[in-house]
Amino acid sequence: MIGQLIFAVCFALALFLFSKNAQQIYRNIKLGKPADRSDRSAERWKMMFLVAFGQKKMFKRIFPAVLHLFVYLGFVIINIEMLEIIIDGLLGTHRIFSFLGSFYNFLIGAFEWLALGVLVSCIIFLIRRNIAKVARLNSVELKHWPKTDANIILITEILLMSAFLLMNASDLKLQLYGFEHFKSVGSFPVSHYLLPYLPTSTETLFLIERFCWWFHILGVLAFLNYLPYSKHLHIILAFPNTYFSNLNAKGKLSNMPAVTNEVKAMLDPSFTPPPADANARFGAKDVQDLTWKSLLDAYTCTECGRCTSSCPANITGKLLSPRKIMMDTRDRLTEVGTNIKTNGSFQDDGKSLIDTYISREELWACTSCNACVEQCPVNINPLDIIVELRRFAVMEESQAPASINNMFGNIENNGAPWKYAQMDRANWTQQQ
Amino acid sequence: MVPHGNMRKWIVPTGLNNNSFMMENELKVPTVAELLAKGETPDILFWVGCAGSFDERAQKITRDICRILQHVGLKYAILGTEESCTGDPAKRSGNEFLFQMQAMMNIEVLNGYEIKKIVTACPHCFNTLKNEYPSLGGNYEVIHHTQLIQNLIDEGKLKPADNNVFKGKKITYHDPCYLGRANEVYEAPRKVLESLDAQLIELKRCKSNGLCCGAGGGQMFKEPEPGVKDINIERIEEVIDAQPQVVAAACPFCMTMLKDGVKIKEKEAEIEVLDIAEITARANQL
Chain A
6 MIGQLIFAVC FALALFLFSK NAQQIYRNIK LGKPADRSDR SAERWKMMFL VAFGQKKMFK
66 RIFPAVLHLF VYLGFVIINI EMLEIIIDGL LGTHRIFSFL GSFYNFLIGA FEWLALGVLV
126 SCIIFLIRRN IAKVARLNSV ELKHWPKTDA NIILITEILL MSAFLLMNAS DLKLQLYGFE
186 HFKSVGSFPV SHYLLPYLPT STETLFLIER FCWWFHILGV LAFLNYLPYS KHLHIILAFP
246 NTYFSNLNAK GKLSNMPAVT NEVKAMLDPS FTPPPADANA RFGAKDVQDL TWKSLLDAYT
306 CTECGRCTSS CPANITGKLL SPRKIMMDTR DRLTEVGTNI KTNGSFQDDG KSLIDTYISR
366 EELWACTSCN ACVEQCPVNI NPLDIIVELR RFAVMEESQA PASINNMFGN IENNGAPWKY
426 AQMDRANWTQ QQ
Chain B
8 MVPHGNMRKW IVPTGLNNNS FMMENELKVP TVAELLAKGE TPDILFWVGC AGSFDERAQK
68 ITRDICRILQ HVGLKYAILG TEESCTGDPA KRSGNEFLFQ MQAMMNIEVL NGYEIKKIVT
128 ACPHCFNTLK NEYPSLGGNY EVIHHTQLIQ NLIDEGKLKP ADNNVFKGKK ITYHDPCYLG
188 RANEVYEAPR KVLESLDAQL IELKRCKSNG LCCGAGGGQM FKEPEPGVKD INIERIEEVI
248 DAQPQVVAAA CPFCMTMLKD GVKIKEKEAE IEVLDIAEIT ARANQL
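Protein chains in written order, with this note's numbering: chain A, 6 to 437; chain B, 8 to 293.
Be aware that a few hints might be false.
[To be verified] Listed below are the simulated DSS-like cross-link pairs for lysine-lysine, each with C-alpha atoms no more than 27 angstroms apart in a straight line:
| hint | chain 1 | residue 1 | chain 2 | residue 2 |
| --- | --- | --- | --- | --- |
| 1 | B | Lys-229 | A | Lys-424 |
| 2 | A | Lys-65 | B | Lys-229 |
| 3 | A | Lys-62 | B | Lys-214 |
The hints are simulated quantities; they were obtained by calculation from the structure and are not laboratory data.
Could you build all of it, start to finish, from the sequences and the hints given here?
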């Protein structure tokens, strides 16, 4: 009875804390400017189904994709087992779904294989990060917290899966001993290999089984509450983020309506533009100037670095890293969110996304080639952020590299980015 | 003058009168205004682009596209001095004002001439006209010249000569970002190359995984930011690894970057950089 009560309290507390943190993240994302992604819902569901649920883009790199698939399937399917654990915890029952009989045995057996898959994959992931030192998992922006974060996630998953298997093994041994209510249920294709290493005392076995049960479920609840502070949030946000993907051609950049109005007014004196928002900026100086989709992108990023490892600027040693653009946006957004929460409204902290987080050198290294956008397994778009920051630098500050300003001047004066006269434009027709 | 251009006029197929052949192959590029003066309108507008108009290397590609259009008898025209930058480099560099100024002026000209269909020589112009002009009032059917050439081959209007100069040659293709990833045109240029009976090889990073030449997003007009090497060198090293005799391009910016890369690596004797249009013109002996 005490156990049930403790479980209920822990469970409710975990859900409460998680919903608080989730609301904060939702509020932060809503700080962004509007972007309409409510259209073409059938295409959106399909995109989510293929890219998030079906992991389609992960398979651009087969080896990590297969390992990730094990962890992903493990996560999704073992959640069925979580349901049983939660019901058992609340009702004080033991393996309540065991009435399913042979289907139950099949399920438990499948969970065991999946748990083993998760365990092995996470060990290989740890090796890739810390021993094999795969380049994209060891770049500059992954020093310190991001590195620790990644290792915490992997080690937690290893511990949770170990507890799950050990729990099953001790359960099986108790079943074999015919201990109290440990009926003979389930099939344990993986954990039965652990039997020889377990003690023979039923009391100790029972303690191990209970400890693992509690460790596993409390670990899962704690992990749930770790998500909002971690890159691991992608396990949830990958779904909405792919649903709200850009469905247009990648080459299409938005045409700023505020600019359209001003340009129309310039070209046609009879056109009266609608009153403009006096506080609105051209482009983005800070995270609030980006669209909510860019902010959702930032929270969805799991720092895998496929973008950065395919970025032509990064490959050739430039400072730009699309992954860092996303991490900077998320970190600044968290900071702005905390600022608003503390002060009631945003108080100027002398910082901004441009300069404080993302340097001009990074911005101007981008070739807008869309490689980062193409590679992202969850359809994040770092290029949108880069273009918005460039827009701010050019239209609000007139701060572009001198050669870019020359190019602007040439287009304005000659209708070509180079210094050639418009009247000479068709001279090539005079030659054979 | 272009040496091979002159050479071509020497190759006279039997049965053809020398004079008429000369006449046939003489390049005549009409402007929309000229056609209009005769009471005619073009079926397709050839959007030349700034590089195609002013860059010496790109001008050759421009003329080859015209030769192709002329050869198949398409009624086409250019805007000539009425054409102006689409605004792409300005937009990608953050100058939305300048982009929209250019766009609206161009749209006024295009709509004034009631243009319905456009073929471009440059993937950047292609992308901008196709994707970014519609919401500003410019709605046209826009295709890239590689798509047009593929269609002409499919229709049987273009047919590489059986003994064309590319037969059996090792050819690779560099995907321009604004044709490939940006607009998912991967097959048209490849189909054109397939028609040559050449030996096609893919680069390690190709199609959606293609590596940029380094010129997009305004980079064409500035020095690269500090780094360990230039992007076009990274790209040309991959090209060299593939050991082609010809690397095909479909973008004037890529052309410049690849050509410079080949030159820096002193591979000009081994690797020729040619646009899909030039390859087509040569293979069809235009």
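Each hint tested on the structure:
1. Lys-229/B with Lys-424/A: holds, 14 angstroms
2. Lys-65/A with Lys-229/B: violated, 33 angstroms
3. Lys-62/A with Lys-214/B: Given that 27 angstroms is the threshold and the Cα spacing comes to 15 angstroms, the pair holds.
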